[in-house]
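Since each chain sits alone in its own frame, please combine them into the complex, following the hints.
Protein chains in written order, with this note's numbering: chain A, 3 to 318; chain E, 84 to 157.
Since the hints were derived computationally from the structure, they do not count as laboratory data.
Every residue gets a Cβ at the ideal spot worked out from N, C-alpha and C, and that includes glycine.
Hints are supplied without guarantee of correctness; some may be wrong.
Covered stretches of chain E (chain A as the covering partner; in silico rule of three or more C-beta atoms under 8 Å from a C-beta of chain A) [what the hints assert, rightly or not]:
no., stretch
1, 98-107
2, 144-150
Listed next, the in silico SDA-like pairs over lysine to any residue satisfying Cα-Cα at most 25 Å (straight line) [unchecked claim]:
no., chain 1, residue 1, chain 2, residue 2
3, E, LYS121, A, ILE47
4, A, LYS92, E, ASN100
5, E, LYS121, A, VAL223
6, E, LYS121, A, GLY175
7, A, LYS92, A, PHE202
8, E, LYS121, A, LYS92
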Amino acid sequence: MTDATSMTDVAPDARTGEAQFGDYFALLKPRVMSLVVFTALVGLIVAPLPVHPFIGFVAILCIAVGAGASGALNMWWDADIDKVMKRTAKRPIPAGKVEPGEALGVGLALSGFSIVLLWLATNALAAGLLAFTIFFYAVVYSMWLKRATPQNIVIGGAAGAFPPMIGWAVATGGVSLESALMFALIFMWTPPHFWALALFVRTDYGDAGVPMLTETHGRRVTRHHILAYTLLLVPVAVGIGFTSIGGPVYLALSVALNARFLWGAWQVWRRDDAQAEADNYATEKWLFRISLSYLFLHFGALLVEAALRAAGWSFF
Amino acid sequence: MAIRVEHELHGRRRGRNTGVGLVLVGLVAIVFGLTVVKVLNLGDIQEFERFDHVARPALEAAATEAEANGGASE
Chain A
3 MTDATSMTDV
13 APDARTGEAQ
23 FGDYFALLKP
33 RVMSLVVFTA
43 LVGLIVAPLP
53 VHPFIGFVAI
63 LCIAVGAGAS
73 GALNMWWDAD
83 IDKVMKRTAK
93 RPIPAGKVEP
103 GEALGVGLAL
113 SGFSIVLLWL
123 ATNALAAGLL
133 AFTIFFYAVV
143 YSMWLKRATP
153 QNIVIGGAAG
163 AFPPMIGWAV
173 ATGGVSLESA
183 LMFALIFMWT
193 PPHFWALALF
203 VRTDYGDAGV
213 PMLTETHGRR
223 VTRHHILAYT
233 LLLVPVAVGI
243 GFTSIGGPVY
253 LALSVALNAR
263 FLWGAWQVWR
273 RDDAQAEADN
283 YATEKWLFRI
293 SLSYLFLHFG
303 ALLVEAALRA
313 AGWSFF
Chain E
84 MAIRVEHELH
94 GRRRGRNTGV
104 GLVLVGLVAI
114 VFGLTVVKVL
124 NLGDIQEFER
134 FDHVARPALE
144 AAATEAEANG
154 GASE
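One chain only, chain E, in its complex shape (with noise of 0.2 Å):
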């Protein structure tokens, strides 16, 4: 029996996957443009750097300065 590349419900069927199709290339857009407005909306990328899992003295030490600083004055 020869296979048949298009079956009879592919087109039955046709606006229906598209629609869906359509959807959820909406829903994808919809996810990444989110992840790219909170990410740009994070404010000072700086205080994030600290968590990279690499040392990072400078950032470090103007931490424990700004701590210092913060302790003081309470």
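Bound-form chain A, shown alone (with noise of 0.2 Å):
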């Protein structure tokens, strides 16, 4: 749930300048809310306890919400900022469309809406998870971490990694080795998917006083931190592939990748910025590029390993 991604444009009722439905549905970020939901999924499925169809798809249903509406509670608190910036400024409340308090209504009501069904369709576990998430997301990164330090997007990842545990958490009622490493494949991933976006993309957080890597530290040290980054997340993505929930499929595609990220992650740190404005970034964009294939074909290999029990098929 980073703001690295930009929210769908709606463009207001030219009839009547009225806010229309789907000025609303902006609030609540539908694009982050895709990964939510195929993250969440593939946490849901691949624990080993069946859920009924519709439970399944009433949790994944609050989970999105969930996410929605602290998507719409971010709005309301950085709508100052979201005016300023060139990528944000379109979004309802700078535009105009919609009021503050109205984002706020509907984060506050949309996040307790969420929270209680999924109490009620599935367990105590899940539902406090959901809360958390929205708790983090909404004050600890919106409100305090963002504007505060350039580790902001380390710490905020956190609230994007929380989905496939509460689809584990629907499924087990507890929380596992398994859903904490897949959380923490998301946790570590963000980072340098992140900062390889901040190297090629001239932002304009600086004017806005978000304070991002890039510009307070330097970018030498942003090509530090997205190796080391990277150097943790290897043995994190690779080692689900020993959990119950990995298997020979999930592990071979995950060296693969994971040997892949880590010559896209050294290559970048091997260089300079003079050499790579000489070639427009096309190392650091290709890393950006591949970051975005690597969660999903991971989370994808993990719901192969699980067809393949389901058709028995076991292989550890």
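Here it is, written out as structure tokens:
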């Protein structure tokens, strides 16, 4: 649930100038929601206990709405900086389509609905984890860390890492090594993914008073950080292959993906800005591109392993 | 003054109202669906029939016997 992904733009109703349903929907950051839905669904499916399909559907819906609610609270709190930055200036509040108080109301109401409904449909732990995720993104990240430290993206990334853990809790009613490792996979992946983007995209976070590592500590330090977090990411990603949700398909894919990602991070670390500018940040752009497929393919491989186990092909 | 059935606000907010209406219908469907699924997953419904405020001697006798057997085995 990072701010790295822009939201869907919704045109105001030209006839009336009145905020339409789509403007309120845009408060929920629908594109961020899609990643939340995918990872939560994987967490739910790979869990060892089956879930009734309808309860699974309601659980995923609650997690998606909860994530959207935290997005609305984020837009309410950050309306002042959203107005300054080009990427976010078209969001419903800075664009003048939705009042800040309305966004706060939508965020709080949907938070309450999604948490209570998830509790009724599944269990208290899953609902508690969803409540903590919303709190973490809206309060710890948006209100506290985002404007206070250039490590904001690292700690804030935890909010985006919770969905598979919630999906797992929906099915099992607990947490486990497997769900913690799925959390760690997204948590460790977020910094190199985001900082690779920060190296080649000129952002206006500085104008808005949001500290970014590339600006507060320089681009050399950012390259160090990308390599360091990638080195931490590799054992987590490959380690999942040796748990009950892993298997040979996951392991083979993960080793290949991590070798490629590590090679990319190493190449980015070796370069300086003069070299990067000479080829228009080709390596940094490549690292960002492969980081997108990296996460998708890891979770996709977990789905494949779950399908193989369901078919009776259990290797571990 | 003539009463206007359709205020201009209704037209202006038609999209919003339709959206909210659909969301509410969806919520009702979800709560109904959850209720059906939860009830169907309750297992042996006779477990609950003992608490329906009507004397059910057959069920009571079965429950007493089961408790006695359980107690004897401990």
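Structure-based check of each hint:
1. With 5 residues having a Cβ less than 8 Å from any Cβ of chain A, the stretch 98-107 of chain E passes the three-residue criterion, so the hint holds.
2. Interface restraint, the stretch 144-150 of chain E with chain A: violated (0 residues with C-beta to C-beta distance below 8 Å; minimum three).
3. Between E:LYS121 and A:ILE47 the CA atoms are separated by roughly 20 Å; this keeps the pair inside 25 Å, and the hint holds.
4. Distance hint between A:LYS92 and E:ASN100 is fulfilled; the C-alpha atoms sit about 24 Å from each other, no more than 25 Å.
5. Taken as a hint, the E:LYS121 and A:VAL223 pair is broken in the structure, with Cα atoms around 54 Å apart against an allowance of 25 Å.
6. The suggested pairing of E:LYS121 with A:GLY175 holds, with an alpha-carbon distance near 16 Å, which does not exceed 25 Å.
7. Note on A:LYS92 and A:PHE202: the hinted pairing holds, with a Cα-Cα distance of about 22 Å set against a maximum of 25 Å.
8. Annotation: proposed proximity of E:LYS121 to A:LYS92 is violated, straight-line Cα distance about 43 Å (limit 25 Å).
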